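> Given the coordinates of chain B, assemble chain F onto it according to the supplied hints.
Protein chains: 2
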Amino acid sequence: MRIPEHIGIIPDGNRRWAQKKGLSKEKGYNQGLNPGLELFHLCKKIGIKELSYYGFTMDNTKRPRKQTEAFSNACVKAVQLLAKEDALLRVIGNTSSAKFPQELLKYTKRQQFGQGGIKLNFLVNYGWQWDLVNLYKRKKISQKNINNYLKSNDVSKVDLIIRWGGRRRLSGFLPVQSVYADFYVIDDYWPDFKPEHLYQALAWYDCQDITLGG
Amino acid sequence: MRIPEHIGIIPDGNRRWAQKKGLSKEKGYNQGLNPGLELFHLCKKIGIKELSYYGFTMDNTKRPRKQTEAFSNACVKAVQLLAKEDALLRVIGNTSSAKFPQELLKYTKRQQFGQGGIKLNFLVNYGWQWDLVNLYKRKKISQKNINNYLKSNDVSKVDLIIRWGGRRRLSGFLPVQSVYADFYVIDDYWPDFKPEHLYQALAWYDCQDITLGG
Numbered sequence: 126m127r128i129p130e131h132i133g134i135i136p137d138g139n140r141r142w143a144q145k146k147g148l149s150k151e152k153g154y155n156q157g158l159n160p161g162l163e164l165f166h167l168c169k170k171i172g173i174k175e176l177s178y179y180g181f182t183m184d185n186t187k188r189p190r191k192q193t194e195a196f197s198n199a200c201v202k203a204v205q206l207l208a209k210e211d212a213l214l215r216v217i218g219n220t221s222s223a224k225f226p227q228e229l230l231k232y233t234k235r236q237q238f239g240q241g242g243i244k245l246n247f248l249v250n251y252g253w254q255w256d257l258v259n260l261y262k263r264k265k266i267s268q269k270n271i272n273n274y275l276k277s278n279d280v281s282k283v284d285l286i287i288r289w290g291g292r293r294r295l296s297g298f299l300p301v302q303s304v305y306a307d308f309y310v311i312d313d314y315w316p317d318f319k320p321e322h323l324y325q326a327l328a329w330y331d332c333q334d335i336t337l338g339g
Numbered sequence: 126m127r128i129p130e131h132i133g134i135i136p137d138g139n140r141r142w143a144q145k146k147g148l149s150k151e152k153g154y155n156q157g158l159n160p161g162l163e164l165f166h167l168c169k170k171i172g173i174k175e176l177s178y179y180g181f182t183m184d185n186t187k188r189p190r191k192q193t194e195a196f197s198n199a200c201v202k203a204v205q206l207l208a209k210e211d212a213l214l215r216v217i218g219n220t221s222s223a224k225f226p227q228e229l230l231k232y233t234k235r236q237q238f239g240q241g242g243i244k245l246n247f248l249v250n251y252g253w254q255w256d257l258v259n260l261y262k263r264k265k266i267s268q269k270n271i272n273n274y275l276k277s278n279d280v281s282k283v284d285l286i287i288r289w290g291g292r293r294r295l296s297g298f299l300p301v302q303s304v305y306a307d308f309y310v311i312d313d314y315w316p317d318f319k320p321e322h323l324y325q326a327l328a329w330y331d332c333q334d335i336t337l338g339g
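Keeping their order, the protein sequence lines are chains B and F.
Residues in the first sequence are numbered from 126 upward in steps of one, following the working numbering.
Residues in the second sequence are numbered from 126 upward in steps of one, following the working numbering.
Keep in mind that the hints were calculated from the coordinates and are not lab data.
Do not take every clue at face value.
Which copy is meant is left open, so a pair is good if it fits within one copy or across any two.
Stated by the list, open to error - Lysine-lysine pairs mimicking DSS-like chemistry, simulated, CA-CA at most 27 Å apart: (1) Lys269 x Lys187; (2) Lys224 x Lys269; (3) Lys269 x Lys282; (4) Lys231 x Lys174; (5) Lys174 x Lys319; (6) Lys234 x Lys170; (7) Lys146 x Lys187; (8) Lys146 x Lys191; (9) Lys150 x Lys187.
What you are looking at is a predicted structure, and each value in this text was computed from that prediction instead of being measured.
One chain only, chain B, in its complex shape (with noise of 0.2 Å):
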């Protein structure tokens, strides 16, 4: 079976989720912690090599303060719980703002925890726009090194990137490393994450072709 190196996440749905149990939005978001931590252990086993998550972004953070607040802490509940793991960890966003939770400031370089092995980045107040601005000039920029210019530049190509919720978009979601991804939609939202989501889209990558443009 053809395994991807590196998967993106998108785990959308929580405020519907929320509302379809009669709950208020923002109690959606940290029924996701336990999904994304299930999911990393899958990943590990599986021999995944490399693990984006999307936190929150800098485009999230106009929602109502209720539920910014709400994903912002269980975005840090999410880094802590994964910092207990074995893992190369790094938190990737815009951390000049105040939407940035103070608590993740000292994962924001990429640091071992545990034994390491799976590189794993959590994007948390990231901006597309953010990430492809490099205020600095650079005199020669070729087109083969596009990605070293990214502030997320050590960030690898995206070979697959899971979406849950139902959406078929990627909202930002790393522009440059995604360009060749293949895109799997799961219509379940994201707390009512089961192991077979992430089978089946495994599943359905190993019948794609790569041809990376070619």
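Just chain F now, kept in the frame of chain B:
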């Protein structure tokens, strides 16, 4: 009905169509000309304001010569056909390579043909790296005006991308303009285009919400 302002078209599956018919791969490209013209007319009728066709990419030119000649010729013919219509047409791509068809040089500045109206972008020898590379040569780019520094700077945000041929990936299509695009995949190959494909995609798009990441 909510209609997208800007539709991106990824007309994939020409080679697979040819093989299915027992023809050699390069015979598929010319079969995409009529579908392209038919789709253009439908989009005008529906009131779409902007349309972007993925002609061929710098990545694609690594293919065998018979194929690169065939898709290059098909793109020349397609642009010449579209230039007979009412449109604001621009061909966008890397003109400094020998792979760019000389016949299309005169279309690389936006021009009105006929009565104008719909904005029409045709990507020829396009490369996502080529499109982005200026971003890193400027001293001060604000996150709000990134699009101004793209080579494809007069192409608007894409609302809906329709890809024929079953693959669920962007393959480098306008990565910045596509960050929020809804992505609809049609399993049929591009030469088997039917108006119903467009109507299905539009009906699906009508059921999506727009959040622009918010």
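> 27 Å Cα cut-off: does Lys269 pair with Lys282 within a copy, between copies, both or neither?
both (13 Å within a copy, 25 Å between copies)
> Can you give me the call for Lys269 and Lys187, within, between, both or neither, at a CA distance of at most 27 Å?
between (35 Å within a copy, 15 Å between copies)
> With identical chains treated as interchangeable, where does the CA-CA distance between Lys174 and Lys319 reach 27 Å or less: within a copy, between copies, both, or neither?
Within one copy, since 21 Å is at most 27 Å while 42 Å is not.
> Within a copy, between copies, both or neither: which one fits Lys234 and Lys170 at a CA-CA cutoff of 27 Å?
within (25 Å within a copy, 53 Å between copies)
> Given a CA cutoff of 27 Å, do Lys231 and Lys174 count as a within-copy pair, a between-copy pair, both, or neither?
within (23 Å within a copy, 47 Å between copies)
> One pair to classify: Lys146 and Lys187, alpha carbons no more than 27 Å apart. Within, between, both, or neither?
within (24 Å within a copy, 52 Å between copies)
> As a check of your reading, is Lys146 near Lys191 (CA-CA no more than 27 Å) within one copy, between copies, both or neither?
within (18 Å within a copy, 58 Å between copies)
> Is it within a copy, between copies, both, or neither that the alpha carbon of Lys150 lies no farther than 27 Å from that of Lys187?
Within one copy only: 15 Å inside, 49 Å across.
> Between the shortest in-copy and the shortest cross-copy C-alpha distance, which are at most 27 Å for Lys224 and Lys269: within, between, both, or neither?
between (33 Å within a copy, 18 Å between copies)
Hint compliance for this structure: no hint is broken.
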